[in-house]
Structure formats: C-alpha cells, structure tokens
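> Top line first, the protein sequences correspond to chains A and B.
Count the first sequence with the working numbering and you get residues 12 to 128, in order.
Count the second sequence with the working numbering and you get residues 5 to 148, in order.
There's no promise every hint is true.
To be verified - In silico DSBU-like pairs for lysine-lysine, Cα to Cα no more than 30 Å straight-line:
1. 61/A / 128/A
2. 114/A / 104/B
3. 56/A / 132/B
4. 119/A / 140/B
5. 77/A / 51/B
6. 72/A / 136/B
7. 114/A / 51/B
Claimed, not checked - Just some of the chain A residues that point at chain B, by a computed CB distance under 7 Å:
8. 30
9. 37
10. 40
As the list claims (entries may be wrong) - Coverage of chain B stretches by chain A, computed from C-beta distances (three or more under 8 Å per stretch; other residues unrestricted):
11. 34-47
12. 125-136
Since the hints were made in silico from the structure, they are not lab data.
Yeah, the Cβ is synthetic: ideal placement off N, Cα and C, and Gly gets one too.
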Amino acid sequence: MLGEDHTVSLLSKMMELSTSRQKVIANNLANANTPGYIRRELDFKDELSKLIKDGDFESLKQMDGKLILDKENVAGNDGNNVHVSSEMNEMSQNGILFSLTQKALKTKMNIIKSAIK
Amino acid sequence: MSYELIPAARISSSGLNAERMRMEVAANNIANAQSTSPNGENLYRRKQVVFESVLKDKFNRSINSSLGGVKVAEINSSNREPIEIYNPSHPHASENGMLKKPDISPLEEMVDMMTATRAYEANLAIMKQSKKMAEKTISLGGMG
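If we strip away everything but chain B, and leave its shape as in the complex, we get (with noise of 0.2 Å):
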C-alpha cells in the first residue's frame, strides 16, 4: 500500500463516494417516478443501493492494511409490483385501458437522501480533521 500522508483520507473517500452513489439513485428514483412503458414492459423498477464494508482481516491483521473503508455492492432493482391506474389516452396503456408506473413512495427517497446527506457530512468532518492531524504533524519540522 502506498505511504498516506493524510491519515485516513483513503477510507473517508470511500465514504463519501457510497453516500454520493446513494444520493445519485434516490434521485434517479424520483426522476423516474412518473416513467412508463409501452404495455408495461421493462417499466423502471425502484433501485436500491447495498453497501458492503472492505475488510482484508484474513490476509494482514495489521491496522493499516485491514481496515479498506465502505463500497457499494451492487444497485439492486426492487421486485415490487408497479400500480395500475386507469388512464386510456395515454398511449403507453394496455388494451383494457390500465397503465403501469413504478412503485416508487417520495417519502421513502426523501428519507434515503437525508440519511445520505448526514453520513455523507459526517465523512467529510473526519476527512477535515485527519487533514488538520496531518497538518499539524508537518507543523513539527517547522521552525520555533
């Protein structure tokens, strides 16, 4: 592994680039609350990011080289089934006149972007005072 001079700046970074990637999807659930498809086929289903910790325990157990921060997994499509509303004239309707939109609660995107928001301050507030360590370390060689 390559020399740090910010401690910690690695797995801050990763923080931070999972909670972006989460907030990215919430908003591309909203902005494909609305969406349909001819018939209802391939309709956008809701996506879910799943976050998985990097752990390299196994190999080293040395701190430096066992703690690898969070990545994001996988964006999962949700298997929940799109609501049907009766609307004739729009031309994505199925022959009986029922059209299919995706499941998708404002609610519950709202709530993901808050806590997505909060973990992604908090990241940034160690990233902040890591740089200050480092900082203050340099300070050392420092005249006085």
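Just chain A, with the same shape it has in the complex (with noise of 0.2 Å):
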C-alpha cells in the first residue's frame, strides 16, 4: 500500500459498498409486486465511520455491510411497503455517489501516475 496513505482502499471501499446496494434496490424494484415483500436496506454508515474513526484500515477491508428490514415505510394492502418513487430516488443517489467515487478514485490514480513520471 502507498505508506499511511489509505485514500485508494477508502475509495474503492465505498465503490464497493455502493455496488452493493445497487443490488439491495434492484432486489427491492424486482419485488415491488410480491406480496407481503418488506424492502430491505444496506447499512454501513455507523460502522464505516467508527472503522475509519478507530483508524483500524484491516477490518475495513472485510466490512460489507448489513442487511436491515425497513418497516417504517408503510406497507399498501398486499402486505408490500416497496415505493417505486423512493427507489428510483435511491437508484439515482446511489448512482451519484458511485461517480463521485469513481472519479475521485480516478484522480488519485492520475496524481500517483504523474508522480511516477
């Protein structure tokens, strides 16, 4: 790894993570019709940030995040609480975030090249 720098497996971490719930909301978008379906979450927020907060870089390595059942969102009359909407809005946020990722990770990688040139 490039010394105390952990820039690059912060990022790809987070790619990582994202691609992750990309398949939560495509899970949840294929069950918008199954009954009794409650929509499921991916939870990584508290523990990605006491990870990078305890500097402990070699369990964020293995972190993947949890499943959670969301029940607050409230069920319609088949038992199912999957809003098409609000997934799509979480689709498009998901998305962005990825970019943003990506291209931070992109840049990095170009500073570490121009800096071996």
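Mind docking these for me? Both chains are given alone in their own frames, and the hints should help you get the complex.
Below is the structure:
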C-alpha cells in the first residue's frame, strides 16, 4: 500500500458498498409486486465511520455492510412496502455517489501516475 | 455463484421476467374473455400470477448471495363463477339455452397491464444504471 495513505482503499471500499447497495435496490424493485415483501436496506454508515475513526483499515477491507428490513415505510394492502418512486430516488442518489467516488479514485490514480513519471 | 460484471443484472432480469409473465397472463385473459366450451365444461378461468421473493438469508448472510430477486411461484386459476347469458342459438349453449362465459373484467386486466409496464420500466432503469456503473469501473483501468 502507498505508505500511510488510505485514500485508494477507502474509495474502492466506497465503490464496493455502492455496488452492493445497487443490488439491494434492484432486489427491492424486482419485488415491487410481491405480496408481503418488506423492503431491504444496506446499513454501513455507523460501521464505516467507526472503523475510520479508529483507524482500523484492516477490518475495513473485510466489512460489507448489513442487510436490514425497513419496516418504517407504510405497507399497501398486499403487505408490500416498496414504493417505486422512492426506490428510483435511492437509485439515482446511489448512482451519483458511485460516480463521485469513481472520479475521486481516478484523480488519485492520475496523481500517482504523474508522480511516477 | 459466478462472478458478475454488471452488479444486480441477475436480480433485475428476474424482475423483468416476472413482469413479462404478468403481462402475458393478462393478455391471455383478455384473449380468452369470450371463450366458451360445450355445456360450460372445462371453461377458461381467469389466471393470476403469484410472485415470490427469492431469499436465501438462512444459508449465507453475505449480501451477494442473499438477494435472489423475484420468481413466479405459480399461475393460479381464479375460482370466480362464470357468467351465464341467454343465447340458445350458440352451439355451446346448454339445454335451457344458457351460455357460460368466463368472468373476466377488461378493466382489471388493464390495471394489471399498466402496473406490470411501470414495474418493467423501473427494473429496466436500474439495469441501465448498473451497466453505467460497470462501465465506469472498467474506465478506471484506462489511460488518462
């Protein structure tokens, strides 16, 4: 790894988590018409901030977030609480987060490349 | 599980398949709205798809293997009673001139078709975004 600089591992972990969240949103949307389905959410904020605070970058490489059931959304009369509109919102937010981390990682790599040259 | 280049492609395609199946069943119901049978035996009955989410939490708790998308659990025949109309000249009419027709409401089928279309679009949108994400990941390896 590049000395004490954890930018690359942090950014790639963020991209990984964003990819996992994309899967969770896809699963919610695929089940938009499944009776009794409770929407799932990927929870990693607290774990991630704790690991960064403690500087525990070894455990950070292993973490992959937790799937939680989101029971706060109001369920329709078939017991399904997926709202397509809010999933689409989550999806765009997640896409922007992914682009942001990807751009940051690309910039970081360019910095390293120009240092090598 | 095999390696996935596009995240969630498998999940989204299961959603697309399920919604397409719902569309086909609605189309089949509408197509058979006027079907009759001799004396009303083995008359067509309204079909309905039953979705079931595929979850494998019990075996493996990692995110990649616990999200399985959706599947069509069964195609169920409704037990709604057929409607009877008086039409003695029809070859399928019973002795007292009553003809049995399946109780299919075009409105119900239209609503089903509309929700299936919207859900299909939503699944397609997330598939498109997942593809963009994969392309962006690959572009990291490029020059510049």
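> Report the numbers of all earlier hints that the structure fails to satisfy, in ascending order.
1, 2, 5, 7 and 11
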